[in-house]
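Visitor: One-letter residues, chain by chain:
There are 4 protein chains.
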Amino acid sequence: MNSWGQIFRVSIWGESHGQQVGVSIDGVPAGIALCEADFSADLDRRRAGAAGTTPRKESDLPHIVSGVYNGFTTGSPLTIEFVNENTQSGDYRNLVKHPRPSHADLVAQQKWDGYNDPRGGGHFSGRITLGLVAAGVVAKKILGNAAEFSTEITEIGGTQDKAKFAEILESARTAQDSVGGVIECRAKGITAGLGEPFFDSAESLIAHLLFSVPAVKGVEFGKGFEAARMNGSEHNDAIIDKCGTTATNNAGGIVGGITNGNEIVVRAAIKPTASIAQEQATFNFESNKVEPLVIKGRHDVCITLRAAVVVESAVAIALADLKLRA
Amino acid sequence: MNSWGQIFRVSIWGESHGQQVGVSIDGVPAGIALCEADFSADLDRRRAGAAGTTPRKESDLPHIVSGVYNGFTTGSPLTIEFVNENTQSGDYRNLVKHPRPSHADLVAQQKWDGYNDPRGGGHFSGRITLGLVAAGVVAKKILGNAAEFSTEITEIGGTQDKAKFAEILESARTAQDSVGGVIECRAKGITAGLGEPFFDSAESLIAHLLFSVPAVKGVEFGKGFEAARMNGSEHNDAIIDKCGTTATNNAGGIVGGITNGNEIVVRAAIKPTASIAQEQATFNFESNKVEPLVIKGRHDVCITLRAAVVVESAVAIALADLKLRA
Amino acid sequence: MNSWGQIFRVSIWGESHGQQVGVSIDGVPAGIALCEADFSADLDRRRAGAAGTTPRKESDLPHIVSGVYNGFTTGSPLTIEFVNENTQSGDYRNLVKHPRPSHADLVAQQKWDGYNDPRGGGHFSGRITLGLVAAGVVAKKILGNAAEFSTEITEIGGTQDKAKFAEILESARTAQDSVGGVIECRAKGITAGLGEPFFDSAESLIAHLLFSVPAVKGVEFGKGFEAARMNGSEHNDAIIDKCGTTATNNAGGIVGGITNGNEIVVRAAIKPTASIAQEQATFNFESNKVEPLVIKGRHDVCITLRAAVVVESAVAIALADLKLRA
Amino acid sequence: MNSWGQIFRVSIWGESHGQQVGVSIDGVPAGIALCEADFSADLDRRRAGAAGTTPRKESDLPHIVSGVYNGFTTGSPLTIEFVNENTQSGDYRNLVKHPRPSHADLVAQQKWDGYNDPRGGGHFSGRITLGLVAAGVVAKKILGNAAEFSTEITEIGGTQDKAKFAEILESARTAQDSVGGVIECRAKGITAGLGEPFFDSAESLIAHLLFSVPAVKGVEFGKGFEAARMNGSEHNDAIIDKCGTTATNNAGGIVGGITNGNEIVVRAAIKPTASIAQEQATFNFESNKVEPLVIKGRHDVCITLRAAVVVESAVAIALADLKLRA
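Sequence lines, in order, name chains A, B, C and D. Residue 1 is where the first sequence starts when you use the numbering used here, and the numbers rise one by one after that. Residue 1 is where the second sequence starts when you use the numbering used here, and the numbers rise one by one after that. Residue 1 is where the third sequence starts when you use the numbering used here, and the numbers rise one by one after that. Residue 1 is where the fourth sequence starts when you use the numbering used here, and the numbers rise one by one after that.
One chain only, chain A, in its complex shape:
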């Protein structure tokens, strides 16, 4: 499914090298001030350009084509489109017969009998996340000014020492390799009571969205996997006031699947970019044997850099949907 959300419903479309990628958001309350400039800050965070990101650059200007009138949302679907500009489809022709390792090339061909658009990963491209970032901007407006997101990359290439990040990226680029990382998103000022157990716990919805972001392979809340190594007496978060503030926040702001008013803490593990410039040996479906593959095209050494705002957007979308349900 390319739509998600019970009330705040996000529908996306587009392919990497098609005419456009877009998003239509249903369930946006009427009366939210919104213009195209509101999307700039988050779209900039997603844009290529920094060390470690792809040389493919696009202006990524959002076009609001429905749902806003006189500067305010109308209650009707809010649709935002992004024209694809800088497509070099020639780069990708080879991958139908020689699918790239750890890419969707092969599974997409199998699943859609070869009719999928293979150019630049088609619908599997990270470019599709433009719509998610746009939806995240609206989601944050719904969550209100009290909600404060702070998202950072806590780990790259195995180290948590931020001073070494630049060095690791450069060394991966030189080696024609790629690196992964961990993104931590924190959200303060999220009202208590969001989450609809049994099946729609706050964790379930956030994780559902995060695992639809390409390259995410792990999600944890609060202490996460570390919690599995703690005793109950260490891990339990004692309540210390009538607002439900807790002395520690090992739960990451979610208990019993419901937000408890403490800071939401969630981390996503991002795998290393699958497209690497160095030669790889993988199956060639034309020759029917394992053969060397060199991937051409322009790629990110570390997609984690650009994914941070996508992770934040996913968290905001899930929380906005839960807020509108409550």
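Check each hint, because a few of them may be wrong.
Chain copies aren't distinguished; within one or between two, either way the pair holds.
What the hints assert, rightly or not - Heads up, simulated PhoX-like pairs for lysine-lysine below, C-alpha to C-alpha not over 20 Å straight-line:
(1) K242 - K289
(2) K242 - K97
(3) K289 - K97
(4) K188 - K323
(5) K323 - K141
(6) K57 - K242
(7) K188 - K141
(8) K242 - K188
Hints listed in this document are in silico derivations from the structure and should not be mistaken for laboratory results.
Position chains B, C and D against the provided structure of chain A, taking the given hints into account.
Guide: Just chains B, C and D now, kept in the frame of chain A:
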């Protein structure tokens, strides 16, 4: 929401100390041989009794009350009920005014204005997972004989050395404390092509269900968080034959959100049981101050032990839904 | 699907001659006073007994098995079960080989490869509507005291003269035949603003539910089909005050798919009961030719009589879901 | 909600006088040949121009912006946009203070606190049905060549005599009035077995979509309301062969909510166009009294004419979704 699934739709209900817990499953194909004995093996794996589990024991006999005729599923909703037998509600009266740390007591009271059933955690009780296990049995029948699940506890109390598990459990019990753990579920023989990107990736659906299981705080696929520490050249899974078999399986059988025919590998981090027998200091809403709390009742030292089959069931349900969609 | 509703989600199960029929309702707000006696009045309206109804009588006692604590709804799924008592399955054995005209016997066999439960129509039995009536009772509580439903049979066997209804029923019974009718449901005190265009207009949701009730073959709002014969100048409802009251109510309280605060008016056409006692000629799949069929068993001469409360319940459920969404 | 469908999911957006109206369709199987010319025939049927239709004419050219590659659908969302060309927004400014009778003006203002786009009816405009017609074209391709739709206007202004239709339209136009009508859609070659009772009967899904089409106030299947006036012995459709062919087709091809392989027959009652040129007296929210209103702008004397293809599209969409579920 207490229902989940697009085609294979599971609806659950019940409270820990109510009359029953139950599950109704819609979308079960007609013609699957099914009787109550089919549920025994998995229900036994979930049952209390071993060291580290609660002394509250119930027979947990499933009653099929609709959807089976002459020993086969009919295509109509399959409903299975479990009578609650061994309830000792007196144990829990105190928790309305003095909510237990890291339990849903407080958030549930806030969310439902005090109308929630607090006895034994009410609808938040792990007892609700009986229905999930029952649905998992049916899901595995839908996935067919080729699908082979193997689920184990890979870590308890911080160690992966299984020889030490018993010792750790006993020592936690003696200390009136609890421990967490990690459960790994592997599924072989899952057909390639399951998963409906963008939003319904195989990982998204599995994680959605896993994070609705009480006590799960982290989920990862394949190498998971370890992938974030690898280079692309190490992490990429080279395809080695026309079936899509890969030399390594760092992706855990899912690429681009779609199963690739290799073994599915998923791990869930289970937090230590929140109910511990030792005294804790937490807020008392009657006295309006932090005060000592002693939790009475019967509890699991390590819920991980009984959660393994629940994790496996969740994975099976997600895959069955995806199979029926494909 | 056997569940319906976005927020107020009703899941039903059961077969005519199985152990029970039941309903689980998710999304019921916490704090609604509810006990089993609350269902009596509406269940009585659905019960057999009057002239023109089946001699199969059951006590139809509702058992609340989850979701109520201390006399109030808890916010968790509300589950209500009805034990099947008076089953005479022997009556129905013949219909597998000789399916009844205008019944689901044949389509059900085809759709579920013969695995469907054929006894008494199985899951297609009108008995399944017990759950709908129970859900309707809860829906009306959600709509509040201001909402006032009045439902009547406006037509039986082609006449609108109520004085003749008894005569028509008796004459059909004597002729071993059956008759249809029209049910009109009016709801006053429904707040303006319910309905979620484009696809979830108030009319769409009400009609969706009404057409799932067995035997409904037509649904119209306000003037309905008569509106197609009016001029705009006659049909338009002039607004006469700032509350949106209209001079006429040809629209039946719904404009642009949204309730406008005027009385909701909806009618459902109920076909004559398909089970008639007189001999019919229809295809016999054993002999492979058209042969006489005599349907045994106990049937309603006019299901319209018992369907009135079901129609009202369907309308209430749709409006309650829309109210909880708004 | 502005999306509909379980598998074949249609999401629409746009306003009458906004930049565009559009539709994104998820769940379209890969490999369907599709180009923009495929939409011409049905879009032409919807276009203004004939006697009785609005003088507002637009080219209504569909732009496929995603989901097609090399002339075939890809399995990713199929998005189609229509630029709005001929907007004369000045015509509509008055309706905020003086809402038109039987239009959504007032309810939309109330529901969205005055933030709705009022120009030309905004999101309530019949123009939104362009997306529905586009989706219908794709739906018919999914139903396959065997499916044969034939849709006609069986009644206008109260007469079924087609020879008089032109006269009635002209006379309504002269009187600055409008007329309603009845549309009958028949679909041959629809496979048996479509429909998912209890709640997703074929009738429920078709009616759900039809009642989201502006101006539809009644829907009936087969004999419909006439069935309520028949005896069971007349109305029952005797099966006459092993394919399930029936001697009569009073059920309109749907029994027990499931298609039975006979022709689908459904009728929709279309109210007279609410916008009429003659003066009407209705409430003015500025002066706070009932005052004369003259509606300017360009309108259809009989929207039934252009709605026929929309009704057919709605039927096709519902059946396509059911086919993909089965």
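Visitor: Taking the hints in turn, state whether each one holds.
Guide: Structure-based check of each hint:
1. K242 - K289: So K242 and K289 pass the 20 Å test across copies only (9 Å; inside, 66 Å).
2. K242 - K97: Between copies, since 11 Å is at most 20 Å while 63 Å is not.
3. K289 - K97: Only inside one copy: K289 and K97 sit 11 Å apart there, 56 Å across copies, limit 20 Å.
4. K188 - K323: within (15 Å within a copy, 31 Å between copies)
5. K323 - K141: within (12 Å within a copy, 24 Å between copies)
6. K57 - K242: neither (50 Å within a copy, 35 Å between copies)
7. K188 - K141: within (14 Å within a copy, 37 Å between copies)
8. K242 - K188: This pair counts as within: shortest intra-copy Cα distance 18 Å, inter-copy 43 Å.
Violated hint: 6 only; the structure is consistent with all others.
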